[in-house]
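**Student:** Protein chains in written order, with numbering that gives the first Met the number 0: chain S, 0 to 423; chain P, 0 to 423; chain E, 0 to 423.
No lab work stands behind these hints, which were simulated from the structure alone.
Just so you know, same-sequence chains aren't split out, so a pair can sit in one copy or run between any two.
Below are the DSSO-like pairs computed for lysine-lysine, each with C-alpha atoms no more than 30 Å apart in a straight line: (1) K29 to K257; (2) K41 to K76; (3) K41 to K210; (4) K30 to K41; (5) K41 to K257; (6) K272 to K30; (7) K210 to K76; (8) K272 to K257; (9) K30 to K257; (10) K41 to K29.
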Amino acid sequence: MPAANSLDTQDINVREMEEYRPLLHRPLRKKIIDFERDGRLKHVILATQFTRPLLEELCDLADMVRELASDPEGRRKLSKLLSHLQAMMYFTQPSTRTFLSFSAVCRLLGIGTEQVRDSAVSSESSEGVKRESRFDSIRMFSSYFDLIIMRSSIPDLAECCAYLMNELENQEFNTRNIPIINAGSGADQHPTQALLDLYTIRRTFRFADEKRTPRPQFEVLSDAYPNLTADVSNKTFAFCGDLGRGRTVRSLVELLMKFDNVSMVFISPDHPKFQLSDDLISRLRDQGVSFEEVDSLDARLDGIPVLHQIDCLYMTRIQQEHNNQEDNDFFASADMTHYHLTPERVDQMRSYAPILHPFPRDSVAGEIPTAIDGNPRAMYFHQARNGLWARAALLVHIFNADRALTQAYREHYADLHDFNRAVL
Amino acid sequence: MPAANSLDTQDINVREMEEYRPLLHRPLRKKIIDFERDGRLKHVILATQFTRPLLEELCDLADMVRELASDPEGRRKLSKLLSHLQAMMYFTQPSTRTFLSFSAVCRLLGIGTEQVRDSAVSSESSEGVKRESRFDSIRMFSSYFDLIIMRSSIPDLAECCAYLMNELENQEFNTRNIPIINAGSGADQHPTQALLDLYTIRRTFRFADEKRTPRPQFEVLSDAYPNLTADVSNKTFAFCGDLGRGRTVRSLVELLMKFDNVSMVFISPDHPKFQLSDDLISRLRDQGVSFEEVDSLDARLDGIPVLHQIDCLYMTRIQQEHNNQEDNDFFASADMTHYHLTPERVDQMRSYAPILHPFPRDSVAGEIPTAIDGNPRAMYFHQARNGLWARAALLVHIFNADRALTQAYREHYADLHDFNRAVL
Amino acid sequence: MPAANSLDTQDINVREMEEYRPLLHRPLRKKIIDFERDGRLKHVILATQFTRPLLEELCDLADMVRELASDPEGRRKLSKLLSHLQAMMYFTQPSTRTFLSFSAVCRLLGIGTEQVRDSAVSSESSEGVKRESRFDSIRMFSSYFDLIIMRSSIPDLAECCAYLMNELENQEFNTRNIPIINAGSGADQHPTQALLDLYTIRRTFRFADEKRTPRPQFEVLSDAYPNLTADVSNKTFAFCGDLGRGRTVRSLVELLMKFDNVSMVFISPDHPKFQLSDDLISRLRDQGVSFEEVDSLDARLDGIPVLHQIDCLYMTRIQQEHNNQEDNDFFASADMTHYHLTPERVDQMRSYAPILHPFPRDSVAGEIPTAIDGNPRAMYFHQARNGLWARAALLVHIFNADRALTQAYREHYADLHDFNRAVL
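Chain S on its own, in the form it takes in the complex (with noise of 0.2 Å):
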């Protein structure tokens, strides 16, 4: 056996992966049907998956659940639609956020959960002997649990495990075969991300924020800005950071694409690195999607700042952990200031339009500076609490379950309204 002990588990997995090659290289739209059953999706790899009506339907699922989690009775109900499942949360890259956000919603949703996060711990690597495969691993994930909601630093690592479960389900038998959920894929995908991102753009933009005004929000709005509408489209969105390395822009631009009338701007570095990657511009531009490439929060475009303009904006973290000598050479002769927000800058943008993050946000940096996280437009700690909603209508949606939902969202308000006309 010379020639078997000197390759590596790394070659084995590499070799692995080279069997799905050709499915990786296909275009997107012959994907996506992979990935769905009946008009469902089984398997979230790309967020290109979320088509518009999808998009609707998810998040008016995800409005359900938020209401129902607003309440003790509401919250048992929920802690039963799901409550047969179990989910693996095989999370290889570091990360805090995203794994208690799913975490979360699996408990919410009664889905018994358990996790492999430090390989150090399982037999695919102790002792760097025993040598298991990785796809023996998530053969093993499918013999024990129901669903694999997964994050790995190695690009379309989520999308081969999808191909592999398929592999399965054509099986002679149909072997047991379970959902795939990527949680983060290399540099390049975060579809849930992008999916409470637009949860989070879509409430804000119904403007109909009670708590703020006696009179409805979008009314006191449309006095100041008459062209306003209450949607999605329409709008333009500004992007500000690392927006090349970060894939939740890549995701959430994706989203946004597939709505009406929406325009773009980019604020990065002035440098290939940073901005936008050549292929989500050329999608862009085939999409007749208009867009503008700035290098400063400051920019103006026709005259007119950008922040008087934009009717949202994305801040995001600068990478540095991706930085090779070269960046942190062109950093420390750059004024990153033009990326960072002040109060004084937010105070030039419209009174509606809302900051997000997806975070962590970088303490030392400082691209934004706790000083703002009182302002109304300040919305990035509702955005991740708004990731429970969207991520848990998800489940619901890929394991059928929104009609159950419905039902409890229905008998839910009916007991309540009972329950009110008792007291009355």
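Fit chains P and E to the known structure of chain S by using the hints.
**Tutor:** What follows is chains P and E alone, placed relative to chain S:
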């Protein structure tokens, strides 16, 4: 950004806590109000928050939890009390015992849990570069969870987190904020350990053990000890070992001070570092609590061995992990057997006097040899189990479920009664 | 205390286990009684505790669990069976597979779980100084939990923990004590793996697969193999690979010995370390079990290839992590392909003969290449899933819930029947 980049996250976190300095330096009675809402604890930070009436109330709730937990049907009732909640266990200081206790308590009450224990898996520190501030992490937890149970080696961190939550509560639109429970903070506070210690003492001093004698235990004991009373008051408590560095002793002394006619004996090496700290000594003096300091378990007071006179002996471990070289030299020259129990020493104690220990005990030093474990005075394993009931009672109180617990308890015993009647 | 201080915790733990030496050295039949209560297993330590009637009973329970688990309503019924319990999973030896299996089983039955896997986060070893004894840790677990599932590289540790629990039970006032389940101990015992292996073998040898043929499977097979019987008895089992160092083979051989007219073939390198150990060989001789030892999958017995003659092939991985330099030299000179399956070798096997493997398999050495995974004889993924039902059955038995399971099963099928009738 050279200035900002030269700061590291540690500096950010120190600066963040600095903002709460004025609040930290207030007198205790002013602080306590900040941790209450509507006559109920919201945050549990300091042992002194437990007033004597609250202690009685919590002990009564703990008794109900304990009895319900003793059979499967009662456990099912308990598991519904707080099943709409999710708790974050944020334990950045290593701990097995307190962690497992709280984790078991949450499951007992139906509370879902997630944990962040090792900051290595968190984006807070991953690759050393994401640089999220600690308070952003706490706010993230408050987005996903309904409660934070935290243990940290950083003094005052739990208290500062409570102030952060209060700030959010006071923002214009009542931003989401959740209770903070201090499960051990710095060197000075461990309030829930004190609560479970007190619960154990109170149960023992009812002298209502029915297993051991045919006659009521208190009657039997009164023959031998005519002045004995069946409560926490009127007792002498001895504390032995590393009294200066153990936060459990500090916290328990705080609670016992609230009872009437309580005396204390502190048995420790004659060295300022291992003796009760000056601030606590002052407080005992101010409250008129009588106490003595001696340097051996064999010491005599008024010519009578201390061990003959005490009603309760609280043993502790020497916290060698905090030794410096000077301490090591001190221990090498000192005769530490003065602070170790032996079967002969136990035999000198009153028959009813419980031996407590917060555990873990040091199996090498042997402050309590296993030979004593079978002695009826040894209460340290009961003490651990009582922690479940006392901590559960605390959560029930915080989340306003005391009425629901009482009702579950009554129903349970009504059911049992019906059942017994039906059988007869 | 210089003498005591020179001892480290390891010494303490060795001394603690030393106390149980006389119990460890008793004959098996004497030990087994210690692990039972009222004709029911309390502790599960050794494979030989499973008598043949008990194996039949557990397999029947496992079948019920399996069927109930196949639909959401059945799963809800299962999740109430043991929902009053909490389990500690104490896995100090790295393991993913067994850990995830037991964890999934606990959730399936509603048992809450907590884990201690890496002693680095425990006060047992934190900073190397708290120096809690292992048995104090075990007693702590027994304060908080209702069951300990443990895996350790220390030989006999699980057995000693069972003796500790028995000691507590025998103390004057029946001190709290809980069942111990051995999930892999030292090099010699893995009883629950053997149980799931046997359950898989028993299911396969019913020859009742309905998916694959229109005629009853056993009828079809009987045409080709007239002497075939539909049970575990009267079969020839082959074991291939690292037979000396794998505890799963040892444990399964123990169970198969209990069936009638069973033969075995052991296929391993001709080296004492990799061959079945002498003690097991003696036991096989004593029990009159016929067996052969050969050194290749291509070996012949009575002129006929072994692969033609066997009813079941149990493959194992070479445990390279336990190699010393001499072993490495041995492997470098040996032709290990004699112990690797190939599609050609599989084709020589009887059509019904299952291929088992305890997994993980070695993806570098390749004792089972993935090309075989689609072969109908490949049962190793089913085997993993069967582990859920077999281990669940074991917990149901230990906690006396077999009657509740049977009732849930009957109700479930009565409901389905009513449902079907109502629909028709």
